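Q: So the sequences go chain by chain: E and Y. The first sequence lines up with residues 5 to 234 when you count with this note's numbering. The second sequence lines up with residues 15 to 403 when you count with this note's numbering.
Careful, some of the hints might be misleading.
[What the hints assert, rightly or not] Pulled a few chain Y residues facing chain E out of the computed Cβ check, cut under 10 Å:
1. 20
2. 24
3. 26
4. 294
5. 303
6. 306
7. 308
8. 310
9. 311
10. 313
11. 314
12. 315
13. 316
14. 318
15. 394
16. 399
By construction, these hints were calculated from the structure, which means they are not laboratory data. All of these numbers come straight from a predicted model, not from anything done at the bench. Glycine residues also receive a C-beta, built at the ideal position from the N, C-alpha and C atoms.
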Amino acid sequence: MMAEKVATKDIVEVRNVYKSYQRDSIEIPVLEDITFSVPDGEFLALMGPSGSGKTTLLNLIAGIDRPTRGSIRVAGDEVNRLSETMLAKWRARHVGMVFQFYNLIPVLTAFENVELPLLLTNFSKKERKERVETALKVVDLLDRKDHYPKQLSGGQQQRTAIARAIITDPTILVADEPTGDLDRKSAAEVLNLMEQLNKEFNKTIIMVTHDPHAAERAHIVKNLDKGILQ
Amino acid sequence: MKILKLIFKNAFRHKLRTFLTILGIGIAVMGFALMRFVVNAWNAGVEIAAADRLIVRHAVSFVFELPYSYADKIRSNVRGVRDITHCNWFNGIYKDPHDFKNYFPRIAVNPENFFKIYPEFKVPQDQLEAFQSERNSCIIGRKTAKVQNLKIGDNIQLEGDIYPGTYNFVIRGIYTGRDRSTDETQMFFDWRYLDEAVKKNVPSRAGKVGWYVLQVDNPKEIANISSTVDGLFRNSAAETKTETEKAFTQSFISMYSALFTAMNVVSFVVIGVILLVLANTMAMSARERLTEYAVMKTIGFTGKHLVALIAGEAIFIAIIGGIVGLVLAVPVALGFAQMFPTWFPNLPKMDTVVVMAFAAAFVVGIISAFFPALRAARMRIVDGLRYIG
Chain E
5 MMAEKVATKD
15 IVEVRNVYKS
25 YQRDSIEIPV
35 LEDITFSVPD
45 GEFLALMGPS
55 GSGKTTLLNL
65 IAGIDRPTRG
75 SIRVAGDEVN
85 RLSETMLAKW
95 RARHVGMVFQ
105 FYNLIPVLTA
115 FENVELPLLL
125 TNFSKKERKE
135 RVETALKVVD
145 LLDRKDHYPK
155 QLSGGQQQRT
165 AIARAIITDP
175 TILVADEPTG
185 DLDRKSAAEV
195 LNLMEQLNKE
205 FNKTIIMVTH
215 DPHAAERAHI
225 VKNLDKGILQ
Chain Y
15 MKILKLIFKN
25 AFRHKLRTFL
35 TILGIGIAVM
45 GFALMRFVVN
55 AWNAGVEIAA
65 ADRLIVRHAV
75 SFVFELPYSY
85 ADKIRSNVRG
95 VRDITHCNWF
105 NGIYKDPHDF
115 KNYFPRIAVN
125 PENFFKIYPE
135 FKVPQDQLEA
145 FQSERNSCII
155 GRKTAKVQNL
165 KIGDNIQLEG
175 DIYPGTYNFV
185 IRGIYTGRDR
195 STDETQMFFD
205 WRYLDEAVKK
215 NVPSRAGKVG
225 WYVLQVDNPK
235 EIANISSTVD
245 GLFRNSAAET
255 KTETEKAFTQ
265 SFISMYSALF
275 TAMNVVSFVV
285 IGVILLVLAN
295 TMAMSARERL
305 TEYAVMKTIG
315 FTGKHLVALI
325 AGEAIFIAII
335 GGIVGLVLAV
345 PVALGFAQMF
355 PTWFPNLPKM
365 DTVVVMAFAA
375 AFVVGIISAF
385 FPALRAARMR
395 IVDGLRYIG
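In isolation and in its complexed conformation, chain E is listed as follows (with noise of 0.2 Å):
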């Protein structure tokens, strides 16, 4: 079922962001005076070059990581005032994450794995494994609820690894280079569950990519490069 979209109010906004790591006494900037804002239920891309700064960039948006100066508002929430409690809370409440290299849990099934954020929540065990089964349908990964990561390709991973991320409903979807490790059919098959999950679903999307193909499926691209903003 296809959801009205109505991409209106910003459900991300980065202001002002800087961050730098120190390393012995040099500080090395990463990100110099970022600011943009995503409309709810976009697909943005971050492009560009290895060590532009994508990944610490969507590692903020994502509230894993915080900035040395600047405000990062995801849903809202100033993510960077959050203590560590609150943040891993907020976390499992607004954001699903996909990695490059799908980070699965090789002694859980495709079902544990999925069901895994649901173990911090109140669902009963029927709630979770409707919700679970629910989620495989979606990636299309029903049949295999009881396969090992070892025992899928890559591309069943990672569409695992998307349903682990959306099963939460979390209010945005980051993705650090999904893609990055697949085949072209495989790819194809994760950007178009991607899409789907935009268009059908309404789910904000922030993906980084370095693959031009990859990046066509989004609405907006923005490029990074030696941490500033193009």
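With the hints as your guide, set chain Y onto chain E.
A: Relative to chain E, chain Y alone:
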């Protein structure tokens, strides 16, 4: 409860490593439990000491003797003493002294009232009467009878070491213990038989007893009775020290204190070994999973969740190792005690050993998880995601 499954799955992620760790812990726990068993077995004698018995010994040392005449003086001067008997540690050599199974305590006692004051040694009335009526007779414990394959009517020949000479006894009784913890390995014989031999071989040592045993009317009076008895013989040639049976047994056991200290130290060294084995496994496992922990944190798991996950896994492995160790240790300990009953006269309660071994395994589980858990809990997500194990 929801993460128990993950703990279980993580524990058996590297089956061989976990199996070897469990085996290592199991062997160490077995060693720990066996050593605790031995130490507890020897200390069990202290625990079962009667509250209404006082021991009067030479003030300098247990090895010095007291005059036989002290009994009458105590009887007529000290109030609150219901009965009094005396004993001598004979020791002696039976058969081949280098064979451990030939060792069992041999004590010369007053046959008239010894078994009355020590009701925990149960002797059938007809056997007791036979013992009292025949001077060179003896009564032995059930375990010694079994180990030495002796029965009533058999002869026992001892070579004296503390009391020189050859001593021949006839077994007239076999006692059994009232409780499981009662020592069933001892041999009791008539003090008068010993004294006659001493008169002949070492006349200067005749008419002496090793220690007196006082049975008191009221255990609350033991402090008063002790000071009265000791006061009675102050400034005499053989001053006394009167103490509770528990204290006396403790001082007796303290002769082996170096051995017990060594065993105690070794048993705790064994715990240290278990700790290192498990800490190594947990450190390796946690290091390999740093990226997974970072992913879990990204999903919303907190440091506390990871601590529970790592500590739970360590405790789980430690407890399984503990169970394996105890499954091996209990039959070995009991079999050992059965093979060498004279070395384990008082069997300790195994539940104490089991609880100690489990407690040790549990504590080891927690300590071994401490640093890996701390590292995972404090790890920044971005560092974990970058980690290449």
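Q: Now, for every hint given, state plainly whether the structure supports it.
A: Going down the list of hints, with the structure as the test:
1. With a least beta-carbon distance of about 7 Å to chain E, the hint placing residue 20 (chain Y) at the interface is held under the 10 Å criterion.
2. Restraint check, residue 24 (chain Y) versus chain E: the minimum CB separation of about 6 Å is within 10 Å; hint holds.
3. Taking 10 Å as the C-beta cut-off, the interface hint given for residue 26 (chain Y) holds, the closest approach to chain E being about 8 Å.
4. For residue 294 (chain Y), the interface hint is violated, the least distance from its beta-carbon to any beta-carbon of chain E being 21 Å, above 10 Å.
5. Hint status for residue 303 (chain Y) relative to chain E: holds, with the closest Cβ pair at about 9 Å, below 10 Å.
6. A least Cβ separation of about 6 Å between residue 306 (chain Y) and chain E falls short of the 10 Å threshold, and the interface hint therefore holds.
7. The beta carbon of residue 308 (chain Y) comes within 8 Å of a beta carbon in chain E, closer than 10 Å, and the hint placing it at the interface holds.
8. Because the closest C-beta pair between residue 310 (chain Y) and chain E is about 7 Å apart, less than 10 Å, the hint holds.
9. This hint holds: residue 311 (chain Y) has a C-beta 7 Å from the nearest C-beta of chain E, less than the 10 Å allowed.
10. Restraint check, residue 313 (chain Y) versus chain E: the minimum CB separation of about 5 Å is within 10 Å; hint holds.
11. Look at residue 314 (chain Y): its Cβ gets to within about 3 Å of chain E, closer than 10 Å, so that hint holds up.
12. The beta carbon of residue 315 (chain Y) is positioned within 10 Å of a beta carbon in chain E (closest approach about 7 Å), and the interface hint is therefore held.
13. Of the supplied interface hints, the one on residue 316 (chain Y) holds, with its beta-carbon coming within about 5 Å of a beta-carbon of chain E, less than 10 Å.
14. At about 9 Å, the closest approach between the beta carbon of residue 318 (chain Y) and any beta carbon in chain E falls short of 10 Å, and the interface hint on this residue holds.
15. Evaluation of the residue 394 (chain Y) hint against chain E yields a held restraint, the C-beta minimum of about 7 Å falling below 10 Å.
16. Given the 10 Å rule on beta carbons, the hint for residue 399 (chain Y) holds: about 7 Å separates it from the nearest Cβ of chain E.
Comparing the model with each numbered hint stated earlier shows that hint 4 is the single one that does not hold.
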